[in-house]
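A.B. asks: Going by UniProt numbering, 148 is the number at position 148 of the sequence shown; the sequence numbering is gapless.
Hints are computed from structural coordinates only; laboratory data are not their basis. Keep in mind it's a predicted model, so treat the numbers as computed, not measured. Glycine included, each C-beta is placed from N, C-alpha and C at the ideal position. Please note that a few of the clues may not be correct.
[Unchecked claim] With beta-carbon atoms standing in for the labels, derived distance ranges:
no., residue 1, residue 2, range
1, Ser83, Ala214, 54 to 62 Å
2, Arg297, Ala225, 25 to 33 Å
3, Ser57, Arg89, 31 to 39 Å
4, Pro185, Asp19, 28 to 36 Å
5, Arg89, Asp178, 28 to 36 Å
[Said to hold, decoys possible] Taking lysine-lysine pairs in the DSBU-like style, the calculated list, with each CA pair at most 35 Å apart, reads:
no., residue 1, residue 2
6, Lys23, Lys76
7, Lys220, Lys306
8, Lys23, Lys148
9, Lys23, Lys91
10, Lys95, Lys47
11, Lys162, Lys47
12, Lys95, Lys33
13, Lys47, Lys93
14, Lys93, Lys23
15, Lys76, Lys132
16, Lys220, Lys162
17, Lys23, Lys132
18, Lys132, Lys95
19, Lys93, Lys162
20, Lys93, Lys132
21, Lys281, Lys252
22, Lys162, Lys23
23, Lys33, Lys91
24, Lys282, Lys296
25, Lys148, Lys33
26, Lys132, Lys91
27, Lys162, Lys95
28, Lys148, Lys93
29, Lys282, Lys252
30, Lys306, Lys252
31, Lys47, Lys132
32, Lys162, Lys33
33, Lys296, Lys252
34, Lys296, Lys220
35, Lys306, Lys296
36, Lys132, Lys148
37, Lys162, Lys132
38, Lys162, Lys148
39, Lys296, Lys281
40, Lys95, Lys148
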Amino acid sequence: MSVLLETSLGDLVIDLEVDACPKTCQNFLKLCKVYYYNLNAFFNVSKDFLAQSGDPSATGTGGESIWSFIASQEGKQEPRYFSPEFVPRLKHKAKGTVSMAVAPSVDGQVKGGCGSQFFLTLADEIDYLDGKHAVFGHVVEGLDTLDKLNDVFVDQEGRPLKDVRIRHVEILDDPFEDPPGLVVPESMPMRPPDNSNRIAEDEDPLATLPEEEAEAERRKQAARASALTLEMVGDLPFANVRPPENVLFVCKLNPATRDEDLELIFSRFGSIMSCQVIRDKKTGDSLQYAFIEFDKREDAEQAYFKMQNVLIDERRIWVDFSQSVSRLNGGWSNDPKMGPRPARGGKGHGGGGFGGLTHLEATRRYRESSADDGDRYGLVFDVPGDRHVAFNSRAVITATKYPQTWLRGFFVAQAPI
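Could you put the whole structure together from the sequences, leaning on the hints where they help?
C.D. replies: Here it is as structure tokens:
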């Protein structure tokens with residue numbers, strides 16, 4: 001009587017000892033039949049020792065027998081565990097031995113009970129498990145899969161860093177009658193809620209992308225890093241800022257073109273909030289490009305398509321959407337013909353100006369400071385007088401090497417030295 005376990009590392013075929021352990025094998029087969037083991041994780045893997053699964057919660061404390069499962073579906077009470085068979089001739093001698101994990105006794109009995117958790121041995125001659133856990137099968141095909149399972153990287157708790165899961169269970173032969181009340185689900189269940197945030201079983205963190213995709217990813221990361229740098233120095237209000245969609249950038253202008261002329265020409269497409277030809281800060285000469293802000297994005301789009309290469313003042317202009325975010329960041333206003341604006345100005349003479357230049361206005365990224373700050377550094381952050389720093393200590397968890405002394409959730413006797 002055999003069962004096929006399809007795992008994320010390969011297939012395992014298990015022959016069951018149905019004659020020697022009928023109750024244990026019936027429990028295992030019927031749990032397989034109701035898809036109880038589907039998508040369960042191997043949550044405890046110890047190199048050259050064992051690999052444990054069968055707990056939907058992946059904590060080592062969950063799981064139940066098939067009779068408890070049926071009772072819970074019917075709203076009844078049933079003992080969570082059952083008493084397995086311990087057959088003296090069935091020992092943990094060969095790699096691939098399959099055993100039910102036996103819970104410790106809580107009522108003074110010699111043996112504890114079994115639920116749904118089981119483990120596979122990953123080495124030969126692990127005889128100190130004999131008599132403590134119930135052997136009920138052996139892996140007859142898929143020993144290479146056991147080798148892969150033995151070589152996985154695990155965390156300090158013994159769980160693989162990359163999930164190893166039972167994808168599907170196929171019953172090849174089942175000689176037992178179904179227990180009363182057993183209902184086979186119409187479809188396979190969703191992934192058990194084990195709260196895993198590990199590397200997914202179908203994810204390869206070391207996979208290499210094609211050169212084109214890798215180059216695009218590098219450029220995206222470089223752009224993100226540059227945006228974060230500009231945010232830190234204050235040139236961007238925030239790293240994910242996007243330019244406004246209602247502002248056009250117009251270049252190749254005639255130096256004689258004025259704001260009023262440009263606004264009059266573009267106003268046929270809709271209401272214009274602002275139109276400014278950018279000029280040199282010192283001379284006031286036109287730099288031959290301008291920004292036009294429309295009230296609606298649709299008006300800006302219409303102007304973009306209609307005004308491309310239009311002749312204005314004997315110059316064919318170029319129109320594009322603005323990529324500037326200076327307005328969002330409260331940038332400098334350097335329009336010399338408009339003069340200082342006291343209502344929006346800083347602390348210069350006359351209510352406007354910055355750094356002695358009356359036509360500049362301070363941006364938001366400069367914090368206003370006063371003489372009352374004393375020797376405190378107030379431009380970026382305040383430094384308190386007491387500079388003592390308290391450090392939180394973190395306990396270091398050390399993992400013991402093989403031989404193991406614990407199954408996850410179930411005690412295992414220490415190997416003799």
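A.B. asks: Decide, hint by hint, whether the structure agrees.
C.D. replies: Structure-based check of each hint:
no.	hint	result
1	Ser83 <-> Ala214: 54 to 62 Å	58 Å, holds
2	Arg297 <-> Ala225: 25 to 33 Å	30 Å, holds
3	Ser57 <-> Arg89: 31 to 39 Å	34 Å, holds
4	Pro185 <-> Asp19: 28 to 36 Å	29 Å, holds
5	Arg89 <-> Asp178: 28 to 36 Å	29 Å, holds
6	Lys23 <-> Lys76	21 Å, holds
7	Lys220 <-> Lys306	33 Å, holds
8	Lys23 <-> Lys148	31 Å, holds
9	Lys23 <-> Lys91	18 Å, holds
10	Lys95 <-> Lys47	12 Å, holds
11	Lys162 <-> Lys47	15 Å, holds
12	Lys95 <-> Lys33	26 Å, holds
13	Lys47 <-> Lys93	16 Å, holds
14	Lys93 <-> Lys23	22 Å, holds
15	Lys76 <-> Lys132	30 Å, holds
16	Lys220 <-> Lys162	27 Å, holds
17	Lys23 <-> Lys132	17 Å, holds
18	Lys132 <-> Lys95	17 Å, holds
19	Lys93 <-> Lys162	29 Å, holds
20	Lys93 <-> Lys132	14 Å, holds
21	Lys281 <-> Lys252	19 Å, holds
22	Lys162 <-> Lys23	34 Å, holds
23	Lys33 <-> Lys91	27 Å, holds
24	Lys282 <-> Lys296	34 Å, holds
25	Lys148 <-> Lys33	27 Å, holds
26	Lys132 <-> Lys91	10 Å, holds
27	Lys162 <-> Lys95	23 Å, holds
28	Lys148 <-> Lys93	20 Å, holds
29	Lys282 <-> Lys252	21 Å, holds
30	Lys306 <-> Lys252	16 Å, holds
31	Lys47 <-> Lys132	20 Å, holds
32	Lys162 <-> Lys33	27 Å, holds
33	Lys296 <-> Lys252	24 Å, holds
34	Lys296 <-> Lys220	30 Å, holds
35	Lys306 <-> Lys296	16 Å, holds
36	Lys132 <-> Lys148	27 Å, holds
37	Lys162 <-> Lys132	30 Å, holds
38	Lys162 <-> Lys148	12 Å, holds
39	Lys296 <-> Lys281	30 Å, holds
40	Lys95 <-> Lys148	13 Å, holds
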